[in-house]
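Peer 1: Go by the hints and put chain B onto chain A.
These protein sequence lines map, in sequence, to chains A and B. Residue 86 in the working numbering sits at position 86 of the first sequence, and the numbers go up by one each step. Residue 1055 in the working numbering sits at position 55 of the second sequence, and the numbers go up by one each step.
To be clear, the hints were calculated from the coordinates, so they are not data collected in a lab. In this text the structure is predicted, and so the values were computed from the model without any measurement. We put the beta carbon where it would ideally sit given N, CA and C, even for glycine. Treat the hints loosely; a few may be bogus.
Stated by the list, open to error - Partial chain A-side listing against chain B, Cβ under 10 Å, derived:
1) 8
2) 98
3) 103
What the hints assert, rightly or not - Each computed DSSO-like pair below joins lysine-lysine, with the alpha-carbon atoms no more than 30 Å apart:
4) B/1064 / A/98
5) A/98 / B/1055
6) B/1064 / A/42
7) B/1020 / A/98
8) A/42 / B/1041
9) B/1055 / A/93
10) B/1055 / A/42
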Amino acid sequence: QKEVEQDPGPLSVPEGAIVSLNCTYSNSAFQYFMWYRQYSRKGPELLMYTYSSGNKEDGRFTAQVDKSSKYISLFIRDSQPSDSATYLCAMRKAAGNKLTFGGGTRVLVKP
Amino acid sequence: GAVVSQHPSRVICKSGTSVKIECRSLDFQATTMFWYRQFPKQSLMLMATSNEGSKATYEQGVEKDKFLINHASLTLSTLTVTSAHPEDSSFYICSSQGNLGDTEAFFGQGTRLTVV
Chain A
1 QKEVEQDPGP LSVPEGAIVS LNCTYSNSAF QYFMWYRQYS RKGPELLMYT YSSGNKEDGR
61 FTAQVDKSSK YISLFIRDSQ PSDSATYLCA MRKAAGNKLT FGGGTRVLVK P
Chain B
1001 GAVVSQHPSR VICKSGTSVK IECRSLDFQA TTMFWYRQFP KQSLMLMATS NEGSKATYEQ
1061 GVEKDKFLIN HASLTLSTLT VTSAHPEDSS FYICSSQGNL GDTEAFFGQG TRLTVV
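So here's chain A without its partners, still in its complex pose (with noise of 0.2 Å):
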């Protein structure tokens, strides 16, 4: 069983739509978690970083921890086509900072 479970896809919404994304993991020595974007043939980007359970929002997004449950989430609002990528779940335990990502997620936002 792999560390960090991540449904790999494709989800396909129409423009406008609220993304729902998760990751369920199995160590709860993962203590901050992250979410990432990354188009194809390019390197992941950035797209949250939370250490504590609950919410955290930026914009269109909003990331979703709960270390009772090992499950994280990722929303994101008023969807766009430009947001049609794959998503990676990715966390670190607080020691060290190697990170375990899951598989992805294919996201497509069709106009």
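Peer 2: Using the frame of chain A, we list chain B on its own:
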């Protein structure tokens, strides 16, 4: 966010030759840089952790003699793929992290290597 510059973005080389990929942290000092490999439609696979002034730490199954990593300064790490073979063709990505343990990692643009 911080800027990490990776060059080249694309390279084609002949089998048996070596290719060097550079990763520069432009606006902060990176004591640690990471090198990843990514196959099509798959996630990032960590190859090695590069520490400034010391030897890199390689993940299990990664040949250190084939993938040479040098981190000579706080802003530059290089990955050299030696004696490249077609199976080394892949997307290579670096990331760097600042000096404080709780900072996020920023990624370079990636390098698409094709070995013919």
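Peer 1: It remains to establish, for every hint, whether it holds in the given structure.
Peer 2: Here is what the structure says about each hint:
1. 8: holds, 8 Å
2. 98: At 7 Å from the nearest chain B Cβ, residue 98 of chain A passes the 10 Å test, so the hint holds.
3. 103: holds, 5 Å
4. B/1064 / A/98: The given pair, whose Cα atoms are some 18 Å apart, holds under the 30 Å limit.
5. A/98 / B/1055: holds, 16 Å
6. B/1064 / A/42: holds, 25 Å
7. B/1020 / A/98: Holds, because 23 Å separates the two Cα atoms, which is no more than 30 Å.
8. A/42 / B/1041: holds, 13 Å
9. B/1055 / A/93: Judged against 30 Å, a Cα distance of about 23 Å means the pair holds.
10. B/1055 / A/42: With Cα atoms ~28 Å apart, residue 1055 of chain B and residue 42 of chain A stay inside 30 Å; holds.
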